[in-house]
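Asker: Chain residues, written in single-letter form:
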Amino acid sequence: MKQTIALTINGTRRSIETELGETLLEVLRRNGMKSVKLGCDTGDCGACAVLLDGSAVNACMVLAVAADGKDVDTVEGLEHDGRLHPMQQAMIDVGAVQCGFCTPGILMSGIDLLSRNPDPTEDEVREALAGNLCRCTGYVKQVDVILATARLQAGETDA
Amino acid sequence: MQLTHLHSYARPTDLESAVELIREGGRGTRVMAAGTDLILSGSDEITGLVDLGGLALSYIEDRGGAVAIGAMTTLTELLEHPAAAAYLDGVVPEMLRRVGSPLLRNVATVGGNLVRRQPWSDVIPLFRALGASMTLFDGEDRSGPIDDLYAEAAHLTGTILTEVVLPRQPAGTAAAFWKFTRSAVDIATLNCAALIQAQESGCVRARVFVGATPRLAAAVPSAEAALVGTDLSASAIAAAARAAADEVSTGDDLRATAAYRTRLVSVGVTRCLEKAQERLEGVTS
Numbered sequence: 000m001k002q003t004i005a006l007t008i009n010g011t012r013r014s015i016e017t018e019l020g021e022t023l024l025e026v027l028r029r030n031g032m033k034s035v036k037l038g039c040d041t042g043d044c045g046a047c048a049v050l051l052d053g054s055a056v057n058a059c060m061v062l063a064v065a066a067d068g069k070d071v072d073t074v075e076g077l078e079h080d081g082r083l084h085p086m087q088q089a090m091i092d093v094g095a096v097q098c099g100f101c102t103p104g105i106l107m108s109g110i111d112l113l114s115r116n117p118d119p120t121e122d123e124v125r126e127a128l129a130g131n132l133c134r135c136t137g138y139v140k141q142v143d144v145i146l147a148t149a150r151l152q153a154g155e156t157d158a
Numbered sequence: 000m001q002l003t004h005l006h007s008y009a010r011p012t013d014l015e016s017a018v019e020l021i022r023e024g025g026r027g028t029r030v031m032a033a034g035t036d037l038i039l040s041g042s043d044e045i046t047g048l049v050d051l052g053g054l055a056l057s058y059i060e061d062r063g064g065a066v067a068i069g070a071m072t073t074l075t076e077l078l079e080h081p082a083a084a085a086y087l088d089g090v091v092p093e094m095l096r097r098v099g100s101p102l103l104r105n106v107a108t109v110g111g112n113l114v115r116r117q118p119w120s121d122v123i124p125l126f127r128a129l130g131a132s133m134t135l136f137d138g139e140d141r142s143g144p145i146d147d148l149y150a151e152a153a154h155l156t157g158t159i160l161t162e163v164v165l166p167r168q169p170a171g172t173a174a175a176f177w178k179f180t181r182s183a184v185d186i187a188t189l190n191c192a193a194l195i196q197a198q199e200s201g202c203v204r205a206r207v208f209v210g211a212t213p214r215l216a217a218a219v220p221s222a223e224a225a226l227v228g229t230d231l232s233a234s235a236i237a238a239a240a241r242a243a244a245d246e247v248s249t250g251d252d253l254r255a256t257a258a259y260r261t262r263l264v265s266v267g268v269t270r271c272l273e274k275a276q277e278r279l280e281g282v283t284s
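Which chain is which? The protein sequence lines are A and B, in order. Counted the way numbering that gives the first Met the number 0 counts, the first sequence spans residues 0 to 158. Counted the way numbering that gives the first Met the number 0 counts, the second sequence spans residues 0 to 284.
Derived from the structure by calculation, the hints contain no laboratory data. There's no promise every hint is true.
Stated by the list, open to error - Some chain A residues close to chain B (C-beta under 8 angstroms, calculated; not the full set):
1) Ala48
2) Asn57
3) Glu78
4) His79
As the list claims (entries may be wrong) - Far from chain B, by Cβ distances over 12 angstroms, these chain A residues were calculated:
5) Arg12
6) Ile15
7) Cys98
Think of the CB as a built atom: it goes at the ideal place given N, C-alpha and C, for glycine as much as any other residue.
All chains, full assembly: derive it from the sequences and hints.
Answerer: In structure tokens form, the structure reads like this:
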């Protein structure tokens, strides 16, 4: 059974057809948001994390129909005027990307954390990434990225 | 696609319509909160969903020391709320920080967790230990202890959990939560929640719950009885832990054997009561 839903994806309102039993993950990928990775499909790995009305969630754990009318933000929407989001730039500068499969989800968790807590401790960053599995790195550089972004954004606010 | 047999979905905006839709829907219709657990079930039996996301059931209110929680409140909203932090030394956020990951807590709801009656739930043992009450709606509001959700004969079809209230606790009360997991985000291999109330004469009330045994969390009356009337000293706590290890029936699953869980019961009840006792001293000293 199909149903048409309205999703505001990265600021653009779109009318999208979904099967009732489909997850937000399936619908986003079919509509071009390939940063949203299909990892475990059981809410464990965080590779499909997106912002849903501003909060980072596993897109595989949300039915697309239940997201009708909501805002969805993905990595595709982070770049503005040809400039990467500071956390994306920090991923490059710090060298925190290896295979890259977990990176979009980690960005979403990191952005969610800094929106709630602009000055997190390292422990708080590690807790925020508890649901994002990375099998390449030891998480050290991803944690550095989020802390560096927090410092950068604090500097911008002070200036 | 996880729910392949789904052919109806509704998001009503008032409780009366929601109850009507559930009743009209019949056998394959489920009430959905966030839906995380329903999606994971992948059940072919689910043919219809009534999504409670359109109801105004997401709120947290401090009611004179009691904390009222709308059933659709997410675990994160409760975890971050000042009323939860202020309640019994923050035992509720202490528990919630151990539930899954932030990505899951940002969607999963308090009501969904309680109603799904999962044996690994961390919310159920703590909320039962705290003596939480609830409001169910089946055309009219019905209030009662949340313990009623876990009675053998609990019959929830056609009813919606709308609110949970953590009661105001008398002075001299403390609580704690303990959980053992294989990894930071895994479900409990075993969990424990305890509440103790002391007066000058000693312990006057004790509630001890053990969950993920691997069955649904249940009270441990022998441990509770071992505490009441004592001074809650280390030896009283040790006696309660021994009673719990004797009483709680444990089983095997992929996470642990029954024998391992029985050791965990002893360790968990001890550590949980020790922490509650420390908090009690913090309160009374």
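Asker: Next, verify each hint and record whether it holds.
Answerer: Evaluated hints:
Annotation: interface hint on A/Ala48 holds; nearest CB of chain B at approximately 6 angstroms, less than 8 angstroms. Among the interface hints, the one on A/Asn57 holds; its C-beta lies about 5 angstroms from the nearest C-beta in chain B, closer than the 8 angstroms criterion. Nearest Cβ of chain B to the Cβ of A/Glu78: about 23 angstroms, over the 8 angstroms cut. The hint is violated. Because the closest C-beta pair between A/His79 and chain B is about 24 angstroms apart, greater than 8 angstroms, the hint is violated.
The Cβ of A/Arg12 sits about 18 angstroms from the closest Cβ of chain B, beyond the 12 angstroms cut-off, so the non-interface label holds. Every Cβ of chain B is farther than 12 angstroms from the Cβ of A/Ile15; the closest lies at roughly 15 angstroms, confirming the non-interface assignment. Look at A/Cys98: its CB is around 20 angstroms from the nearest CB on chain B, clear of 12 angstroms, so calling it non-interface holds up.
Of the numbered hints given earlier, the model fails hints 3 and 4; all others are met.
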